[in-house]
Every structure is written in structure tokens, then in C-alpha cells.
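Note that the protein sequences, when read in sequence, are chains A and B.
When you number the first sequence by the working numbering, it's gap-free, plus one each residue, and the end is 102.
When you number the second sequence by the working numbering, it's gap-free, plus one each residue, and the end is 280.
If you're looking for bench data, these hints aren't it; they were derived computationally from the structure.
Some clues are possibly wrong.
[Said to hold, decoys possible] Covered by chain B, per the in silico footprint, the following chain A stretches (three or more residues, Cβ under 8 Å):
no. : stretch
1   : 6-20
2   : 24-32
[Said to hold, decoys possible] Below, computed lysine to aspartate or glutamate pairings styled on EDC-like, alpha-carbon distance capped at 20 Å:
no. : chain 1 : residue 1 : chain 2 : residue 2
3   : A       : 2         : B       : 218
4   : B       : 111       : B       : 132
5   : A       : 14        : B       : 132
6   : B       : 111       : B       : 164
7   : B       : 270       : A       : 29
8   : B       : 274       : A       : 9
9   : A       : 14        : B       : 164
10  : B       : 273       : A       : 4
11  : A       : 14        : B       : 146
12  : B       : 270       : B       : 233
[As the list claims (entries may be wrong)] Going by beta-carbon spacing under 7 Å, a handful of chain B positions derived as facing chain A:
no. : residue
13  : 140
14  : 242
15  : 277
Idealized CB from N, CA, C, for every residue including glycine.
Each chain, letter by letter, is given below.
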Amino acid sequence: MKSDRILQDTWREKLQSVSAGPAWESVSERLTPQGRATWRTWMVNGLVYLAVVVLTAGLFVAAPRESSVARLWVKVLSRTPAPGDEALLQKSIPYMYKRREL
Amino acid sequence: MKRYWERWKIFLSARSNPQTRERALRYVWEEYCRPLAWYIRSLDPQAGVEDVIQEVLIRVWEHMADYDPAWAFSTWIYTITRNLVWKNTGTIWQELDENTPAAGPDIAEVVQMKSDNQKAGVYLERLGNTDSRIAFFRFSEGLTYQDIAVLLDMPVGTVKYRVHAIRKGLKKLLGGTK
Numbered sequence: 001m002k003s004d005r006i007l008q009d010t011w012r013e014k015l016q017s018v019s020a021g022p023a024w025e026s027v028s029e030r031l032t033p034q035g036r037a038t039w040r041t042w043m044v045n046g047l048v049y050l051a052v053v054v055l056t057a058g059l060f061v062a063a064p065r066e067s068s069v070a071r072l073w074v075k076v077l078s079r080t081p082a083p084g085d086e087a088l089l090q091k092s093i094p095y096m097y098k099r100r101e102l
Numbered sequence: 103m104k105r106y107w108e109r110w111k112i113f114l115s116a117r118s119n120p121q122t123r124e125r126a127l128r129y130v131w132e133e134y135c136r137p138l139a140w141y142i143r144s145l146d147p148q149a150g151v152e153d154v155i156q157e158v159l160i161r162v163w164e165h166m167a168d169y170d171p172a173w174a175f176s177t178w179i180y181t182i183t184r185n186l187v188w189k190n191t192g193t194i195w196q197e198l199d200e201n202t203p204a205a206g207p208d209i210a211e212v213v214q215m216k217s218d219n220q221k222a223g224v225y226l227e228r229l230g231n232t233d234s235r236i237a238f239f240r241f242s243e244g245l246t247y248q249d250i251a252v253l254l255d256m257p258v259g260t261v262k263y264r265v266h267a268i269r270k271g272l273k274k275l276l277g278g279t280k
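So that you can see chain B by itself, here it is in the shape it has in the complex:
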């Protein structure tokens, strides 16, 4: 539901004059620069983030009229980003399938932390690549399970299960350290 209105803002702006289109693109730049930077790094830590974001925004500009408001705008822009990063790196799906947890502070360090947000921050750092992206799309971008399934090319049931597991893991960490 988050950013539901932006679908129509982008859709209508794409059919308006160039100044309105440019304003819409500026809105996209303001809203999506940081999330895109995170997503690009998660896809390819070696990628030149600024260059990729510029390319993504230029593509959005050139194809804004093709945007279908039946889909969330964020799904569209993340799909463009993913395809662009893959095109640059020649990545294939299998290379992204690994879900190994990243190295981070261990549980003893987490116990020392006082705020729940700090603990959650550590928890997110320790999630595997796929879980990390699922958590990003679900909790940061507010995408639906269907949208996440399309973006990550996995069944909706798997996405729901992973989201449930992420929530459960966090609850366990917060409950277990109190």
C-alpha cells in the first residue's frame, strides 16, 4: 500500500509535458537513490553504484510512458536495476541463489546492545543475500509477496515462508536477549 499513489503520479506525469515529467523523475531520484544504491550493492558489490543509478534513471526517463500502473512503481524500477546490473556483470540466476549468512557480530555482542533497533540491525546484517533482499523489499519498500516473487523469480509461497522465518528469527533474538 505504501507509495500506491505514486503509480498514478508517474503514470499521469509520463503523459504530460516535459517539465512535469522531469519533476516526476526528480521525485524518483529523491525517493529511490538510497534504496537503489543498497540494492545494487547487494546484487554486485563491485558495481559502480552512481553509474548504475544514472543509467536506471535515464531508462526510467526514456520509458516512463511504458510504465503500467497495475504494478507497483518500485517493482518496475527494481526490475530495471536488476536487469541492468546483470547485463553489466553477465550474472545468472544461479549465482544469486546462495543464501549464506554474512559475517557480523556474534550473539554475545548482540546481548550487550540495549536498543531493539540495534539488535535488528545486526540481525539484518547477518541475513543471507536472498533473505536480505526479501527483508528489504518487504519491510523497507513495502512490496507485496507477489511483487517480491516476481523480482526474485521464486514462488510466492517461498517468499511468504521466508518472511515468516525472518520475523520469527527477529522475535527469537529480541526475546532471547531480554
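Extracted from the complex, chain A is given alone in its bound form:
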């Protein structure tokens, strides 16, 4: 809108005539070291994220060790395929069906 543009331009001109306020140096010398608290915040956040990742990974790795199927998967994931894997997989199929029936 034309009137909006005129008002925007006029405000810009009007603000140019307003005093510039305090110098940056006088502001910066008053800054307290409180800002460094964000470093602590950042570190605490990082530790929390790390703890969540470790716990989640732990759940994925440790909890499945309870079942034979999970043991199979851990073996499959942790080493290169071997002839024995296929037999182990065959053995686990009835167990998987049983789980589905439940």
C-alpha cells in the first residue's frame, strides 16, 4: 500500500534524527560475566543429551541379550556372516511365529 510505504519511509527519516543512544563501549564495559552461564547451560545440555544417547544405546544393546533372537541379531550385526548363522536363523523362525501367535 502506498500510504504504508510513505509511513515506513517517514519513520525511517524520523528515527535518523533521534539521538544515537549510548556508545557501544559504555555498554560493553558493563556486561557482567553472567553471560558465561550459558557455557554452563550448554555443557549441562550436552551432558543430558549424551546421557540420553548412552542410555538409549544401552537399552538397544543390553535388553535384547535376554532373548535368543536378540542374541542372533547381535551376532549378525557384530561379525561377518558365517555358515552357522543360517542354522541359527532357521532355529529362531519358530520362535518368531510363536511370538506372533501370542
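Assemble chain B onto chain A, guided by the hints.
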């Protein structure tokens, strides 16, 4: 929409190292010093503008991590400024409700002016306090009606109506003097 990106700049800087935070504060100083000076004078013509701006910037520095990017940064900083000025002067809402036009050049002088911006400048000078702040927030700072309503503690509908009236008044002045 103006300064939409600055929300995230401030929000992320607040969670970064002190040097980045200081750079963000310097950006605030560069961008907001003049608008803040105008706003402080409109709230209290007797206020020590430089002192209040310093206090506002120190508060922004200390509470930068509390800033919520769901709101425009300008809304946050103007709220801090308003509260600080009120705290210093003990002002209450009722004292700011007056909307009497300020004295300025009359219509005969406006007719002599050639540029639309000059006429608009006179028009803005003659607006009442509340209308003047609404025009400032809307046309200079680009705030939404909702943000202005929060800052001036008035219904959104009233803000929309006042903005419409300001536009209409300007159109009438520009059209009537051509």
C-alpha cells in the same frame, strides 16, 4: 515478517559462547538504539534516554537465554523497556491512555509542503500518544496487530481500527492537499 530471522539469531546466540552472545548484543545495540530512544521519550519525555537504553541492553544480556522465539524479539525488548520506564517513573496504565494530538504545524503549512514524506512527517507529529505508538510499532517496527495489542494492553480489534484510522487520515491529508 520484518526481522523474523533475528528471533533465531538471538535465540541461538544465547545458547552459544560469550563472544557470540556479545556479537548478538552488539547487533541489538545497532538495530534498536534509535527506535528505543524514540520509544522511551514517548513513554516519558523526562527519562534519561541513554541510561534507560543501557539498562535495557544489560537486561537483554542477562536474560537472553530466557527469550522465547515464539514472540518477535522487538516485542520482548519493547516490553522490557516499557516496564523499566514505568518502574523508574511509577507510571500506571491510565496515565498513558490519553490520546490527545500534539501541537504541530496546521493544515495551511502542510499544504505548502511538496513531498508526501514531509506531509506524513507532520501528520505523525500531530498524532496522539497512543496512535503515535501504534504507528511506530506497525510501520516502523513491522509488528503484528497481536504484538502491538500485547505491548499497549488493548484489544486486537482496537489496534486494527486505529491502524485503519491512521492510514485513512494520511490518505485524506495527501489527497486533500494535492
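Hint-by-hint comparison with the structure:
Coverage of a stretch by a chain is defined here by at least three residues with a beta carbon nearer than 8 Å to that chain's beta carbons; for the stretch 6-20 of chain A and chain B the count is 14, and the condition holds. Interface restraint, the stretch 24-32 of chain A with chain B: holds (7 residues with C-beta to C-beta distance below 8 Å; minimum three). Between residue 2(A) and residue 218(B) the CA atoms are separated by roughly 10 Å; this keeps the pair inside 20 Å, and the hint holds. Pair hint residue 111(B) plus residue 132(B) holds up; C-alpha atoms about 15 Å apart against a cutoff of 20 Å.
For the suggested pair residue 14(A) and residue 132(B), the alpha carbons sit about 17 Å apart, so the restraint of at most 20 Å is met. The straight-line distance between the Cα atoms of residue 111(B) and residue 164(B) is roughly 16 Å, inside the 20 Å bound, and the hint therefore holds. For the given pair, residue 270(B) sits about 47 Å from residue 29(A) by alpha-carbon distance, which is inconsistent with the 20 Å threshold. Taking the CA atoms of residue 274(B) and residue 9(A), the gap is about 18 Å. The hint holds against a cut of 20 Å.
Restraint check for residue 14(A) and residue 164(B): not satisfied, since their Cα atoms lie roughly 31 Å apart, outside the 20 Å limit. Pair hint residue 273(B) plus residue 4(A) holds up; C-alpha atoms about 10 Å apart against a cutoff of 20 Å. With a C-alpha separation of about 18 Å, the suggested pair residue 14(A) and residue 146(B) falls inside the 20 Å cut-off, and the hint holds. At most 20 Å may separate the alpha-carbon atoms for a hinted pair to count; residue 270(B) and residue 233(B) meet this at roughly 13 Å.
Of the supplied interface hints, the one on residue 140(B) holds, with its beta-carbon coming within about 5 Å of a beta-carbon of chain A, less than 7 Å. Against a cut-off of 7 Å between C-beta atoms, the interface hint on residue 242(B) holds, since the closest Cβ of chain A lies about 4 Å away. With 7 Å as the threshold, the beta carbon of residue 277(B) stays out of range of chain A, its nearest partner Cβ sitting at about 10 Å, so the hint is violated.
In terms of the numbered hints stated before, the structure departs from hints 7, 9, 15, listed from lowest to highest.
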